[in-house]
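*Asks:* These protein sequence lines map, in sequence, to chains A and B. With the working numbering as the guide, the letters of the first sequence map in order to residues 1 to 598. With the working numbering as the guide, the letters of the second sequence map in order to residues 599 to 1237.
Mixed in with the good hints there might be a few duds.
[Said to hold, decoys possible] SDA-like mimics (lysine to any residue), calculated; alpha carbons at most 20 Å apart, straight line: (1) K670(B) <-> N267(A); (2) K218(A) <-> T1087(B); (3) K155(A) <-> E270(A); (4) K218(A) <-> K841(B); (5) K201(A) <-> T738(B); (6) K824(B) <-> E270(A); (7) K187(A) <-> T1085(B); (8) K188(A) <-> M713(B); (9) K507(A) <-> Q845(B); (10) K76(A) <-> Q845(B); (11) K841(B) <-> D95(A); (12) K218(A) <-> T711(B); (13) K187(A) <-> S735(B); (14) K188(A) <-> G704(B); (15) K448(A) <-> S458(A); (16) K670(B) <-> F258(A); (17) K652(B) <-> V677(B); (18) K218(A) <-> T738(B).
[Unchecked claim] Sample of chain B residues with no beta-carbon within 12 Å of chain A, all distances over it, derived: (19) M902; (20) A985; (21) I1050; (22) R1071.
Hints are computed from structural coordinates only; laboratory data are not their basis. Predicted, not measured: the structure shown is a model, and the values here were computed from it. Note that CB positions come from ideal geometry on N, CA and C, so glycine has one too.
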Amino acid sequence: MIKTLAKSIRQYKKESILSPVLVSLEVTLECLIPLYMMTMLNNIEADNSLTNILKWGGILLALAAFSLLFGMLAGKYAATASAGFATNLRGDIFDKIQTFSFANIDKFSPSSLVTRLTTDITNIQTAYMMIIRVAVRSPIMLVISLVMSFTINVKLACIFLAISVVLGALLFVIFKCAIPIFERVFKKYDKMNESVQENVKGMRVVKSYVREDYESKKFAATAQSVRLDFQRGERLVAFNAPAMQLSIWTAITLICYFGTSTIITSNQSELTSSALSSLIVFAAQCLSSLMMLSMVMVMISIARASAERVVEVLSEESTLKNPENPVYEVENGDVEFRGVSFKYSAKAERNALESINLKVTSGQTVGILGGTGSSKTTLVSLIPRLYDATEGEVLVGGRDVREYDLEALRNQVAVVLQKNVLFSGTIKENLRWGNPDATDDELIAACKQAQAHDFVMSFPNGYDTHIEQGGANVSGGQKQRLCIARALLKKPKILILDDSTSAVDTKTDSLIRAAFREEIPGTTKFIIAQRVASVEDSDIIVIMNDGRIVATGTHEELLANNRIYQETYYSQNKIGANAEALKALSDGEENAEGGERK
Amino acid sequence: MKRNIEIKKGSALKALGKLLGYMAHYYKWELTLVVFCIIVNAVAGISSSVFLEKLVDEVITPGLSLGFDAVKSKLAVMVGIMGGIYTFGLICSLVYTQIMAIVTQGFLKHVRTDMFDRMQTFPIKYFDTHTHGDIMSYFTNDTDAIRQLISQSLPQTTLSLASIITLLFVMLNSSVYLTLVVLAGVGVMFVFTKIIGGRSAKFFIRQQNSIARTEGFAEEMLHGQKVIKVFCHEEAAKRDFAKVNGQLFSDMDKANKYGNILMPTIGNIGHVLFVVVAIVGGALVLGGVRNVTLSEGVTDIISMGVIIAFLNMSRQFTLNFSQISMQINSVVMAIAGSARIFEFLANEPEQDEGYVTLVNARIDDEGNITECEERTGRWAWRHPHKADGTVTYTELKGDIQMYDVDFGYVPEKLVLHDVTLYAKPGQKIAFVGATGAGKTTITNLINRFYDIEDGKIRYDGINITKIRKSDLRRSLGIVLQDTNLFTGTIMDNIRYGKLDATDEECIAAATLAGAHDFITRLPEGYNTMLTGDGSNLSQGQKQLLSIARAAVADPPVLILDEATSSIDTRTEYLVQRGMDRLMEGRTVFVIAHRLSTIQNSDAIMVLDHGRIIERGSHDELIAKKGQYYQLYTGAFELE
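Same shape as in the complex, but just chain B:
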């Protein structure tokens, strides 16, 4: 299902505050400077209306009676001061816009890398229980919502807010009564913003959800487009889409309507406010009411000049207010987005209490193990004992034993029951069984993608929960049915198994896996770029590459989970020798649909509903004429 955006009551401000805190964590000084510059810029902008008033009073009026020459120098000084203020404001404007461009992109980069780094620590369970699309939307939609907020809404709101506060101050200084009138007007605007803007935000969220639904529907239909064609289902598909599309129209129409009428509403309330201020001002003059200002207290009757200046300011006040109200939708989106990002970051990382580590080792003829720095090709488990402070070393051999293992992905439903098995170093163990019988689950437990419920797993005699996960996994090679190659050259992809492998090592691994032939036939050979999960290769070729990737890692234990399922049987027959060589001297766990792949295993485990129901070599099992025999001859269905 597509995600739904919703904003819980009371959480909005918290999310916004958290986001600002997150930004301040990286850009405290930059943001302080930005706020300072914005304030200066706002003050410079407003000073023009004050300036005009002063110009009339101190230059034009005396100039008209005394002549231009008398006020010429005064004018030059005033314009000079004005120019100075503007220049200063302009510098601040340049500084803050440039800083914001850097902060926006820098912060987004931090958000992305923080999310990505954090995601690397999530347990596999997280990825098994969330769709890729959902995880991706944290990186795309939610990050984008934040970008909108930081790059536009935040500076704009701060600027308008600073202007409003400055204006308020100036207005209070010219007339407290008229300021109260303006504030009353602002109260009215606020109410309208809340009603219209609130609706707009509500439908805007609904519209986003509706888009997500349309997207989900289109995705499903378009992926099945060929099925639609062969069943002549086009008309029905059109009808269904029209329904979804119609709902989207209705939400979109409403969201935009409310968004569009907000601006003219606020603007015209501003016009009305203008008239009201003029009337009240006129009434004050007529009524002979003494003016009250903040700085000078009670003064004379208000002058007409003050009222005119005041009217100008009330216009600016309105303009700034409407600027803020226009940001509602993007703020709402950013709040929803950042709430989701914080939720994502708060996911629990994979736990690891392991303390047994894997080290390079030198092993002498008597079997004494000494730890060393350089790569020797031999490995040992370094096992510190807390009780007596000693350290023991065990050679890495690839001996795996499971005793009475129970496991369930959810506690109430066990998928493995009493699984017991021994894999001696160099043995090949195969798992056979229907989908859902628990084959892959067993391998998930060996590399601790999941932890067992009950029982024991021993690796070279050590309880695997004591082994540090990264070291455990480094000692296991895994080839999956889903090949998952990465963008880069073929060489890069093979080298993924061992980052410091030389080209020769990679080519040797590819040869071993039987991939060398097709790679050399590609025009660019090993330098062929793979894009979009290797979409330029066939599924079988991709599987060969992922086998080569495991080969170069050269692990003592290998897990092959349907590793050759997409290689057609003839090709598999041809690469079989390479596969056999790859498996030589390693403990191998094989899961295969095709029984031909596993016939030469040392032991075959037949799984059914999470239990091992038969075990033995191929010949033994055939001779036994049990389930495996029936499965092999196609007379029995494991379900």
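Okay, chain A solo, but in the shape it has when bound:
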């Protein structure tokens, strides 16, 4: 784990090393300064001439100046090292995600990835800074204080050595008990926040059913239970400060008592009164560094869980690899499935696709129909190699898709996904995702084909209209048409529309299909749809059920002999008594239209 993370330190190695070195220097000075102060006081007491004071004071000032210099530099380097490390790590995770295949993406939810990029990395950053500053500082302070006190008086030093051990054990026990409590309660805390989110999202339901009080009561119970658990943990941790004070004060009291008797009985030969006060300072330093060390331990244990989550992403290997000697040219838009079976994970019991055989030649339009969960999307996902077939092979342009360079293949196979996304930026910027070098004329041509030009022009800023995050300021149908235009700009040999016109009205839908027929006749088109009307005029209609192709054929063939197609067709077009009348009506309409077309 540490090895994986350490790779992200890179250009901040210098700072990461300098910082602890400087901290050690600083802390050494910091420990020496009080000792020196005592010596200075003794000297001044003996000779309180101004020159003597100035001499000693001058040395002390110099020491302070160095300590300040080291301290500031250490702080500066530690800041840069930890911020730099965090930045590298964040960049590495993001870059890693960019190499993910669809199968990898499915494994992580976007919000969990966002948490990793923010909260988790912040935790790691804090821990890292703690490690290169405090984790060096505390042990050095501990050791110096102990050594110093042993040089002053072994007997007394033993007293607080013993106390240190007791305090260390005490702190260890407290955290050992508290950490599992906190781990549990943080999960509960997340659940509580989820329930708030649920309430906010479902506010219309809450208000419609007049359940405000019920929701309040439910939340109060959750909040109370989170409170009690947190309280249990915090009350445990709250023993830290008193435990610390108990140790220090016991040490002071004991040192004072035995120290005083030692001074008097040995007549200052074993211990002096100024040495006594130094001892007390060291005792305090020693114990407080123990306390700090325990804080570092807590930070590290919090960060450990975060680090594990981050490493999980970093060590995830993309399930798709570019071939050794890839082919860069996709010859034509032929597509063939040869005995293809597919499952999403090796552990899955059932295949999502089962022995698929399908042959499509360049320029054909393929309509795909089927209920939810019949694997329509899965089928088309194999063409641009978003996933690899588990069995059998998928051929594009006469070659197995696994032989192509991924980017070359995907540039020729444009997909308009079911879950469409526009990004914040202007319409132009969004369209240029399809082709960064597209001219304005090309943009307009693509939009005209996708029936998007007219509404784009109706916006005050036309193609420079700013799209808000998630495309919030355009309607669902408009968004879908822009996404189609974006895909068209790739000038692909194969175009896949995955339920991409569901929010577009039937009229516009048919205009888009007409444009496809006329403008890009050579492109192979796959159209997944819910509406029969969207696929009626396809060259081949594929009916899917439960991961299998149950029928292929033209509209007329299927209407004559496929039950699923018939049911879907009739449920969409006619219901009840007046269905017959309507059938006649729409048949007449269709014929009329058909006539015009010819």
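Fit chain B to the supplied structure of chain A, relying on the hints for placement.
*Replies:* Below, chain B without anything else, positioned relative to chain A:
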């Protein structure tokens, strides 16, 4: 957009004061006790330096000349007193840390439930105009900022402040001149804290905003990750992220730098101060200046022992000062957080002047209505008349009429114009039209999520503004496209419609909605836990559940807003019978994208840009060969 943290000048102390007042509201006595204990604890801590001085003067020095036995008892007494003070201080420390643990969590619970309760009263408009992420951050980030302040910064600052005041008192008692020197030193520290700490706080806020920006960017990109893949846009995404990430680095680096150098700066100013005090002390002794103390006035020339004790105190003074200065960042965050929480709590609740209420009723054969306590299955509107003090009862039937209704979400832009419609009890009214034509808006007005600008809406002949909102909504069942299920079992979710429904009633409702089949096929059946808005169910199944939820509530009026949009057409065909049974005997308003769902409506309203442009039954409209006909045959686009 992600929120930006900013602290307005002059508002900081006010927000802090308000927060303390809020805490005191719940924990007045606890907090008083805490402050008392902290002061005792601080005094006990400081007494050790005084103690040491006394030990040297009264035990060690005489002991050295008289022998240990002579001072043995004196030593025992002094150590005993010291031990006593420490024990007392320790008890106080135990008490206040435990109380603070309870107060912190207790107060946070109060803040959370207060916010949550208050939020329940906000009008729907609030939720329509604020993003969920923004609302959530009140509960997470802002509450967390307060936690930091209460559990760490407040006790720490109070302790340090108490120590400083005690020290000041002790120092003034030993030498006024030297105290002035220390105060001058503190002035210098204060200036540095203000400069460095101020920068640190400034960049710290900037860093938080930068994190929020990075988060926003990552969120957008990661949600669109699949699009990035299919467009081979990975390199560009990396480049864009590197830019955002670089800005974050620069802010973070600066924030931490200033934060990190504050501590050594203050500490070393303390060292310098130590030297200056020593020099000035030495000079005072040499110059033969008489010492001035607070309690004894002008005394003899200052002694070396006093100077040494004083030096120790000035060290402690510095330590405590630096402890306070370290809290700057968390105090700044808490101020920003609490200001936002108070802003949230200050939002206006939904107004309701309704006084007509819904009551259980008994209705005899002549149609006389009497109010009763128990559930009868019949309901009536209880309508008190202020003018003559009488009360009339009207049976709840579900008759809804709208006259010339105008409405706009913002005053300057009307989205509904002159909408007039009548829905007789038991009728099914459908709305058809393009996105944005105003279909959902009409239903928002019936249940008074929004109030009309102009016109009238009558429910069973009563002006709906006179009806108490909770009663109005209880009489309306609503099924939305966004299903919004809640964490809990399937049974719990159905029961949401009627909290005292029996299991049998819930199962009957599920059967009616056509959900029973798939529920029984789940391994746990009705006890299946739904988490994360029912992510373990398909969208269609969730819609069936929300229909069952409305069915169990058994309201006289039902609003179905795209309720079956995610059920595929074949399944819809299969559940159609259940839906028909659900709608039987109720006034139903249906909004549907698919025209097949609404063909059997009593009346269909075709909406365009907020106006009803056609109305009639399906057959009438088809025969009319108008807009509906064209829409139906796919030859016309409503936009």
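*Asks:* Determine for every hint whether it applies to the structure shown.
*Replies:* How the hints compare with the structure:
1. K670(B) <-> N267(A): holds (15 Å)
2. K218(A) <-> T1087(B): holds (15 Å)
3. K155(A) <-> E270(A): Judged against 20 Å, a Cα distance of about 10 Å means the pair holds.
4. K218(A) <-> K841(B): At roughly 44 Å apart (the allowed maximum being 20 Å), K841(B) and K218(A) break the hint.
5. K201(A) <-> T738(B): Status holds; Cα separation ~16 Å.
6. K824(B) <-> E270(A): Roughly 77 Å separates the two Cα atoms, so the pair is violated.
7. K187(A) <-> T1085(B): Holds, because 15 Å separates the two Cα atoms, which is no more than 20 Å.
8. K188(A) <-> M713(B): Holds, at roughly 19 Å.
9. K507(A) <-> Q845(B): violated (48 Å)
10. K76(A) <-> Q845(B): Judged against 20 Å, a Cα distance of about 18 Å means the pair holds.
11. K841(B) <-> D95(A): OK: K841(B) and D95(A) at ~13 Å, within 20 Å.
12. K218(A) <-> T711(B): holds (10 Å)
13. K187(A) <-> S735(B): With Cα atoms ~18 Å apart, K187(A) and S735(B) stay inside 20 Å; holds.
14. K188(A) <-> G704(B): Holds: K188(A) and G704(B) sit about 16 Å apart, inside 20 Å.
15. K448(A) <-> S458(A): Given that 20 Å is the threshold and the Cα spacing comes to 13 Å, the pair holds.
16. K670(B) <-> F258(A): Within the cut-off at roughly 11 Å; holds.
17. K652(B) <-> V677(B): holds (11 Å)
18. K218(A) <-> T738(B): holds (18 Å)
19. M902: For M902(B), whose nearest Cβ neighbour in chain A is about 5 Å away, the distance does not exceed 12 Å, so it is violated.
20. A985: Non-interface label on A985(B) holds, nearest chain A Cβ at 29 Å vs cutoff 12 Å.
21. I1050: Given a closest Cβ separation of 18 Å, the condition holds.
22. R1071: violated (5 Å)
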